[in-house]
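K.L.:
This is what each chain is made of:
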Amino acid sequence: MNEMSAIEKTVLNDYKYGFVTNIEADEAPKGLTEDIVRFISSKKNEPEWMLEWRLKAYRHWLKMEEPKWANIKYPPINYQDIIYYSAPKQKIKPKSLDEIDPELRRTFEKLGISLDEQKRLTGVAVDAVIDSVSIGTTFKEQLAELGIIFCSMSEAIQEHPELIKKFLGTVVPITDNYFSALNAAVFSDGSFCYIPKGVRCPMELSTYFRINAENTGQFERTLIVAEEGSYVSYLEGCTAPMRDKNQLHAAVVELIAAENAEIKYSTVQNWYPGDKDGKGGIYNFVTKRGICQGNNSKISWTQVETGSAVTWKYPSVILKGDNSTGEFYSIAVTNHHQQADTGTKMMHIGKNTKSRIVSKGISAGVSNNSYRGLVHVNKKAENARNFSQCDSLLLGDKCGAHTFPYIEVKNNSAIVEHEATTSKIGEDQIFYCNQRGIDTETAVALIINGFAREVMNQLPMEFAVEAQKLLAVSLEGSVG
Amino acid sequence: MLSIQNLHAGIEEKKILKGINLEIKAGEVHAIMGPNGSGKSTLASVLAGRKEYEVLEGSVTLDGKNLLELSPEERAGEGLFLAFQYPIEIPGLTTTNFIKTAVNEVRKYRGEEPLDAVAFLKMMKEKMALMEIDQRLLSRSLNEGFSGGEKKRNEIFQMAMLQPKLAILDETDSGLDIDAIRIVANGVNKLRNKDNAVLVVTHYQRLLDYIVPDFVHVLYNGRIVKSGPKELALELEERGYDFIKNELKEAV
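If you're matching them up, the sequences are chains D and R in order.
For the first sequence, counting from 1, position 318 maps to 365 in my numbering; every step adds exactly one.
For the second sequence, counting from 1, position 89 maps to 206 in my numbering; every step adds exactly one.
Since the hints were made in silico from the structure, they are not lab data.
Ideal Cβ placement from N, Cα and C applies to all residues, glycine included.
Certain hints may be false.
[Unchecked claim] Here are a few chain R residues that face chain D, going by a calculated C-beta distance under 10 Å:
(1) 169
(2) 189
(3) 193
(4) 197
(5) 198
(6) 199
(7) 224
(8) 366
[What the hints assert, rightly or not] Anything over 12 Å on all C-beta distances counts as not near chain D; from chain R, calculated:
(9) 135
(10) 172
(11) 183
(12) 200
(13) 337
(14) 343
(15) 345
(16) 347
[What the hints assert, rightly or not] List of simulated lysine to aspartate or glutamate pairs, DMTMM-like, C-alpha gap at most 20 Å:
(17) D/471 with R/261
(18) R/225 with D/488
(19) R/168 with D/475
(20) D/471 with R/267
(21) R/307 with R/267
(22) D/471 with R/169
(23) R/168 with D/488
(24) R/168 with D/474
Working from the sequences, and respecting the hints, build out all of it.
P.N.:
Written out as structure tokens, the structure is:
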């Protein structure tokens, strides 16, 4: 008894980001029609080609059916009961960071995200997105000196239409899947990063997503382009208030790495998971995909998934360039009634392509945690290599861990390895720690920390700290 | 130091210890011997506070403190150490990190400041030299992939780091060849002093060639049926446990 409560306390601290900011919002009426798509596009003052793109996606979406194959259960979503656009009303449109509404500024301060450039560690530039719009991006000027574009998607559509036209929807086409089509029709903001040829981005770029308004969905779109020989490390964080009703988050992220370029993409996903009885929480249905377009390019996904009521996401890499590398490092934690169906796809197309998958699932309460992954080796992908490791850790005996690895190999020079383990935190492990003077809560933290270490090591320093706190594995042991 | 009086304990309705009496003074080494199923490991587990075991009667005090009221981690804080028969593994957690956490948790219990990285490292280097233990072993995941001998050496190394008042060695010789036994026993002997005590729980006499006890107790069917000097262990080795059983039968 005692032990279980300690385990639960350790795995899921009370959700600290559940507050609501009281700010007036400019909202679209509920529901989704062609008019709503037009409304969003006109709110953003978009060019005609962008509207056409959205309408095409919307019309395609109408013909599609919601996928049902994931190992998750949730009541039917009423897409007409969602608000597709909500923007905090700001008296003046901020031209610089100094003009951001103090209330919004405070919201992000409370989340630990300072929009004050002087106060920030100089190593990270932030784009802050609340509900449907970006409210500010830091260090833009410094980055611009190197030719790096880092701005909100809305701004990019206005300022860099040629780049958006060239790249948007090339990795995740609007017809790709139900949620990506929906996203293409109604996406309202997100981040755009462009790293020019030969530039190594000197700081981490990050976007912080916050859902605030009630009954709204968040549909952001992120596009990162790394030109020949460039490098960028990008971080993404997210939180939402505690609400009884489920809210939908359907994002699309596209990464493009040219020859010799490298993109490292890290996520700490901490959307509101619902309460302990499974009421409320975010439905997190996300399409993330990167393409190693050029030879010797590399894309690495690292994710720490602790939030959301339901998570459905498979950050993938298309290994098109010869000698390109794809990596996927994941920790997914589920507790109470949370459900996660997450994993990756590695599509080997070029010669000598390599991929590595390390997935760590931690399940507690009555939650369900599934790893689903595909390793595909194309007919012409000579000498492809893949290594997959999927480990599950169970806390208690009412939760579930599942592994669905799919392997399709069409070239016999490929070497594909898959390892999977499932373990439980044993009474024996806890007693052993207890006997050395370590209390149960700290013992569980040590065990979880050990289990997740390989993935934690992949995170940039600043995020690793946040992620460790999230798993409550801080060795100082914050007893609540 | 340790005083056990009329200790009765069991697991899941099954009574295993049926009235144990034992006094251990500082500076002494006691050995508990007995055939399989006599209750040796149960005694070690009950002293350490394993919660599957239920204490039915009796008292256990360490320097006057009632151990039975304390949680396992508090007992560790009071200076009780158990070297496990089967040390467990924690993948991904380095042995060093584990020991550092243990040392500082015990210090916290005693109201002492935690050791900083420098002080901890200094202490570790010292004990590593004393225990002749390899740095590489300590940077690996706790007990993961360790050989039987490495696991037991790691137990004794932890004992060196935690400097307990009372160390209980539960079948520390099991699964070890004679060289490994000698190394482990040397480690224990180096740690002995006039202020601490050791309780060796073992089936065989051979470990006692190296860790020489002041007293030997024979545990049989949940009771200490015979106590004597170290020569008793040799007699047991020579004549087997049957001679004790026969003696008991005759007494009845």
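K.L.:
The structure should be examined with respect to each hint, and the outcome stated for every one.
P.N.:
Hints, one by one, checked against the model:
1. 169: Constraint on residue 169 of chain R satisfied, holds at 8 Å.
2. 189: Status holds, d = 4 Å.
3. 193: holds, 4 Å
4. 197: With a closest approach of 8 Å, the residue 197 of chain R hint holds.
5. 198: holds, 8 Å
6. 199: It holds, given that the least Cβ distance between residue 199 of chain R and chain D is near 5 Å, below 10 Å.
7. 224: Cβ of residue 224 of chain R sits 9 Å from chain D, so the hint holds.
8. 366: With Cβ-Cβ at 38 Å, over 10 Å, it is violated.
9. 135: holds, 24 Å
10. 172: holds, 16 Å
11. 183: holds, 18 Å
12. 200: violated, 10 Å
13. 337: Non-interface label on residue 337 of chain R holds, nearest chain D Cβ at 27 Å vs cutoff 12 Å.
14. 343: holds, 29 Å
15. 345: Fine: 30 Å to the nearest Cβ keeps residue 345 of chain R off the interface.
16. 347: holds, 28 Å
17. D/471 with R/261: Between residue 471 of chain D and residue 261 of chain R the Cα gap is close to 16 Å, so the pair holds against 20 Å.
18. R/225 with D/488: With Cα atoms ~15 Å apart, residue 225 of chain R and residue 488 of chain D stay inside 20 Å; holds.
19. R/168 with D/475: holds, 11 Å
20. D/471 with R/267: violated, 24 Å
21. R/307 with R/267: With Cα atoms ~18 Å apart, residue 307 of chain R and residue 267 of chain R stay inside 20 Å; holds.
22. D/471 with R/169: Satisfied, since the Cα-Cα distance of roughly 18 Å is no more than 20 Å.
23. R/168 with D/488: holds, 16 Å
24. R/168 with D/474: holds, 10 Å
Of the numbered hints listed earlier, those contradicted by the structure are 8, 12, 20.
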